[in-house]
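Mind docking chain L on chain A? Use the hints.
There are 2 protein chains.
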Amino acid sequence: MEAPGSRSEPPPNPEYSGSYVVSRPVYSELAFQQQCERRLQERRTLRERLAKSCSCSRKRALGVLKTLLPILDWLPKYRIKEWLLSDIISGVSTGLVGTLQGPFPVVSLMVGSVVLSLAPDENFFILSSNGTASNATMIDNVARDAARVLIASTLTLLVGIIQLVFGCLQIGFIVRYLADPLVGGFTTAAAFQVLVSQLKIILNVSTKNYNGVLSIIYTLVEIFQNIGNTNLADFIAGLLTIIICMAVKELNDRFKHKIPVPIPIEVIVTIIATAISYGANLEKNYNAGIVKYIPRGFLPPALPPVNLFSKMLAASFSIAVVAYAIAVSVGKVYAIKYDYSIDGNQEFIAFGISNIFSGFFSCFVATTALSRTAVQESTGGKTQVAGIISAGIVMIAIVALGKLLEPLQKSVLAAVVIANLKGMFMQVCDIPRLWRQNKIDAVIWVFTCIMSIILGLDLGLLSGLVFGLLTVVLRVQFPSWNGLGSILSTDIYKSTKNYKNIEEPEGMKILRFSSPIFYGNVDVFKKCIKSTVGFDAIRVYNKRLKALRKIQKLIKKGQLRARKNGIISDAGSSNNAFEPDEDIEDPEELDIPTKEIEIQVDWNSEIPVKVNVPKVPIHSLVLDCAAVSFLDVVGVRSLRVIVKEFQRIDVNVYFASLQDHVIEKLEKCGFFNDNRKDIFFLTVHDAVLHVQHQVKSQEIQDSILETISLIQDHKDPLELMEAELTEEELNVEDEAMRRLAT
Amino acid sequence: MEAPGSRSEPPPNPEYSGSYVVSRPVYSELAFQQQCERRLQERRTLRERLAKSCSCSRKRALGVLKTLLPILDWLPKYRIKEWLLSDIISGVSTGLVGTLQGPFPVVSLMVGSVVLSLAPDENFFILSSNGTASNATMIDNVARDAARVLIASTLTLLVGIIQLVFGCLQIGFIVRYLADPLVGGFTTAAAFQVLVSQLKIILNVSTKNYNGVLSIIYTLVEIFQNIGNTNLADFIAGLLTIIICMAVKELNDRFKHKIPVPIPIEVIVTIIATAISYGANLEKNYNAGIVKYIPRGFLPPALPPVNLFSKMLAASFSIAVVAYAIAVSVGKVYAIKYDYSIDGNQEFIAFGISNIFSGFFSCFVATTALSRTAVQESTGGKTQVAGIISAGIVMIAIVALGKLLEPLQKSVLAAVVIANLKGMFMQVCDIPRLWRQNKIDAVIWVFTCIMSIILGLDLGLLSGLVFGLLTVVLRVQFPSWNGLGSILSTDIYKSTKNYKNIEEPEGMKILRFSSPIFYGNVDVFKKCIKSTVGFDAIRVYNKRLKALRKIQKLIKKGQLRARKNGIISDAGSSNNAFEPDEDIEDPEELDIPTKEIEIQVDWNSEIPVKVNVPKVPIHSLVLDCAAVSFLDVVGVRSLRVIVKEFQRIDVNVYFASLQDHVIEKLEKCGFFNDNRKDIFFLTVHDAVLHVQHQVKSQEIQDSILETISLIQDHKDPLELMEAELTEEELNVEDEAMRRLAT
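If you read the sequences in order, they're chains A and L.
So the first sequence is numbered by the working numbering: it starts at 1 and just counts up by one.
So the second sequence is numbered by the working numbering: it starts at 1 and just counts up by one.
It cannot be assumed that every hint is accurate.
Note that identical chains are pooled: a pair holds if it fits in a single copy or bridges any two copies.
List of simulated lysine-lysine pairs, BS3-like, C-alpha gap at most 25 Å [stated by the list, open to error]: (1) Lys200 with Lys284; (2) Lys497 with Lys615; (3) Lys527 with Lys332; (4) Lys615 with Lys311.
Read the hints as simulated data drawn from the structure, not as lab findings.
The following block holds chain A by itself, in its conformation from the complex (with noise of 0.2 Å):
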């Protein structure tokens, strides 16, 4: 046995063609029936199926039930001496490291935006009943807060109404398409928005709220044309702030092995700014921007204002995306420590339902921090109780301690966030890694951050999305594709130019299309074949039907012969079927040729008239489908069509590799009302060994005398004088289009 390899092909005798038949048949039969034979199986098997599930049906309804509620499942289970003293330390640590460290959620920014929008500074202004103040407004800070909580309430209404729509469609897939550039890109673009926002707090500098496109560039605008107003207090304080966060963070990641817990610095450095400036007054001396009310208590559930919801669509749309996307992000990471498995659209629907509860009580957009769960889950923190007892220190540390950090400066709380960014930022080092490895990933980062940062973050990142399968499309609709030949002799078939020692089998071209075939990319896979046989099927054809119609021509004028063996020119070189190059022709001349006289003629060789008509020096054209994942209508519309246009030129189209879904795509649209299925092959070496026994076993029938020839005794019509009725059937293709052209 030799190894495969070096397998030469077989010699071409006619038994071979038979055996080759019988051992691999025509495949799509044969699996239309095992098919069909399996489904009846398959419904057997269902119908066993049901009739036992209808005894355990009950204990399923409870099943149903504990998903939905998942509580119902665990609270029973509650190993109170167990669990209860370890939720507690770990509920208790999870609410001091979410009150003491300022997180920084993305949401936050997104859900800012919105809120800043709707309910600008401007609409909140108020007379000065005294006339000291020249130039500064007034602005009237509790009415505008309070339309600020319940714009966002609002929001987080409507997100959980998207959120609980999405889950209950099932669409929690559509998470994937937040790719890594793109949300590359989108946490960039977010970090520079919250930069120049805190910026302007930095020096103290008033600007107007800008919002909609190009907002953030405005905005940065004017805070450098006011930036004479810097207040030098509130800049030196949010300066100091960066400076030492930033380097006691860098110490913290680089001693992280050897300190036991990280320097909580941004508490430190709160607390001491907030005693430094209540005991220097900076409000009073230096007309520091402080904090100066935190309002304290909790606000009546009500309903939103449901007619805002018109205008914030868009934005909850990205917002419910986003944070779901963040929290299953965290919560894979636990499903595959702990081993248990996340349902997208249930993650979806309990956001939702909790989102659209918060609603009506003035919170927040829900979503995950993984340092909180990290920290819940390293103390030790077994269920939600947990989660329940670290509520509940935040809120008593909200209502406790806010009193105490009004004398904060504003500039250090922002200085603190900018210490925070310089991890979104470097993800601009990523750019040149992604164009080295995938020039449209790194085009989506760019692209989407770029658009984050002009149209907004709610827009910039629905324009990613688009923009992201958009290319997707783009990718799928100008794929790769090779003319291929067989490596020396073995049966492997690799591209003519990546790869040297490829002969291409004698009279045939073999084209491998990457891609499936729809209607997005007919064209392409046109070129890609005109390119790969190396002329257009149509011009041949149409040059020969021109040949044709002056050979005739000449031979009723006698000044050509028609013999058995080919046509005789008798006035040499002074035949008058000369084709101008600037070539419009006559009408008459585009009828058919009458049947009067038929002609064959071997177009590869001299013609005597002088038309150019493109050689065509292959008799099989062979396409290599096993990258051809679908087909649509459109598509298999294209093949039917391209396979006649080379059999009217004497070409035959042979396909190799299909798969089963795809054959069963062109027997469902009629590929086969005018196709045989001989002509599908298993492999492309099939194909060409076929080709190749056809050919040879042909060569002893024709003489080559015989094909220049004239046939006047020729009784049936030759398939070239059918071209009209071809050429209507060739033209279905912008059917639809035309139709519009009345």
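Just chain L, lined up with the frame of chain A:
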């Protein structure tokens, strides 16, 4: 030599494996070398070509000019004697047809809807000076029509600009996205819109000019509400016209081979109706709605009001694409017939410039009518001279004949339009066929139709376009996949589901995934793998870790003893390593087993602890990637993770039939940093043979007794012990998203 169908597998001798590797090289490296050489060669060729081309650059400049302004090409070559006469005949015929036949272009309708929305009747009410008409409001017809003409010409200008931009950006290919199902649905919706708009005229019932979403439905409702106000004279005239026109058209169609020219029934009906209306003075006697006033003369050029652009952007985009697509689809018919090729982008530029120019002369958006084109061609038109002549004829007709049509009832004109809609509505019959052939295409049809009715034609077309693109993405995202086995003892691998007599090689699973692997479908890909192999690799690994820990504990406690040839339970059935059903873990249990005692367990035999470790019945997984047409960064990373996950549980992953550019992408994205290239094979069969050979040679070395053994003197840490490191690496997946969760 035997037929390839019956090739038996080669005997697994060691030489075979060697020769195999040599004869089928790891092809990416070979490909790269060859590509480099080829590129050098190409550069050389390019340089030579450049050197040659300098000499003919002047000739080329002229060529470019002629491409931009084709008239420079054909006018100097105009053969007056031969062509002028037929051009004149053709021009006159086309002009007459254009005048007589009231054609119905979709573009008119689209323009009309924009005009109506921006200049509704309501804007032009005037106070009636006499109090006679109590309910009827007067409309300033002249002002309204002037405003509407201005809007139409502004639209023409904007459409021209869009087309020019599209042409310059070379994105003529977007027309391909107007697939036939989409156009079918769109046209039917357009017909419906026309029907409703004309119905109102036939009944002579006035309604408000609704616009935007659902306007067509509102209009329809109002028509039926006011149906009592129907003007009987108009209704009867309209109904008669419809019946007559449709009947005669049916006859025309049925006897088209017997009659020389179709009966121009529209012209005949129009003339008769005008005469009757004039003779019977229908306006006065029956209050019929007549044409009344046709303005004559030409408007001077003027700059259209550019400030309207923003309001008509979406509509202009749709109109620009539709007008262009119609023209190109007609053009293609003649391109095929006369053997020239159409440059889509050139057409875009031509239409763009033409529309921009006409925008200043109160003109309508230009497109192509198939019927007029057919007349021009069949009557012998040779050049654009015929076009100029036919335009002249139409102009004369408008100026001269307009006045004569003023007594005509509007309902007759409306009826003529409706009689021409039949073909459009008949397209509904395509749906069942489409559904049978390709469900997605049918859904696109219906979706586009409904959207175009609900949202209006412009937004409907856009949403249909986007929907079509989404279906492409979904088709790529949810691809077909199959577990494979070989047909009897051949090298052909087919789906185990669809075929009988398929045998899966022992201890192996083969998966064929028919789609690119990219961010949108990596989850689907993983599910396919899980479903093919029948277990979850991560879960298996975690359960094994857990069992290992329990075995270690038991060994420490002395309840288990480890021997060279296995682990022996001392305590028998009383061992307490029982795994509870409700399985919540102690945090300390999750520690990685210490390296003090290292154990090698045969996971497929009985384990002495009661941990439910899923059995892994395979040693190899082969991924058939023939249909993976591209990968992105996320896809490559998933492949890396999958290989690692399976390696941890001693399953080797092999790749077969990858395309060259896919291997290149793997190389670029660092796949080979942690994977050797010898897991890649040219075909599935090669991979299977390789694995089978490996297994056989291993079986000779290993004795089964040795596999269940404790290797206390083992020095190197086992692969299983590297879990911590691997876990971190495996978690890189949603990194970008988790970064948002700070």
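Checked hints:
{"no.": "1", "hint": "Lys200 with Lys284", "in the structure": "within (20 Å within a copy, 74 Å between copies)"}
{"no.": "2", "hint": "Lys497 with Lys615", "in the structure": "within (23 Å within a copy, 47 Å between copies)"}
{"no.": "3", "hint": "Lys527 with Lys332", "in the structure": "between (45 Å within a copy, 15 Å between copies)"}
{"no.": "4", "hint": "Lys615 with Lys311", "in the structure": "neither (65 Å within a copy, 55 Å between copies)"}
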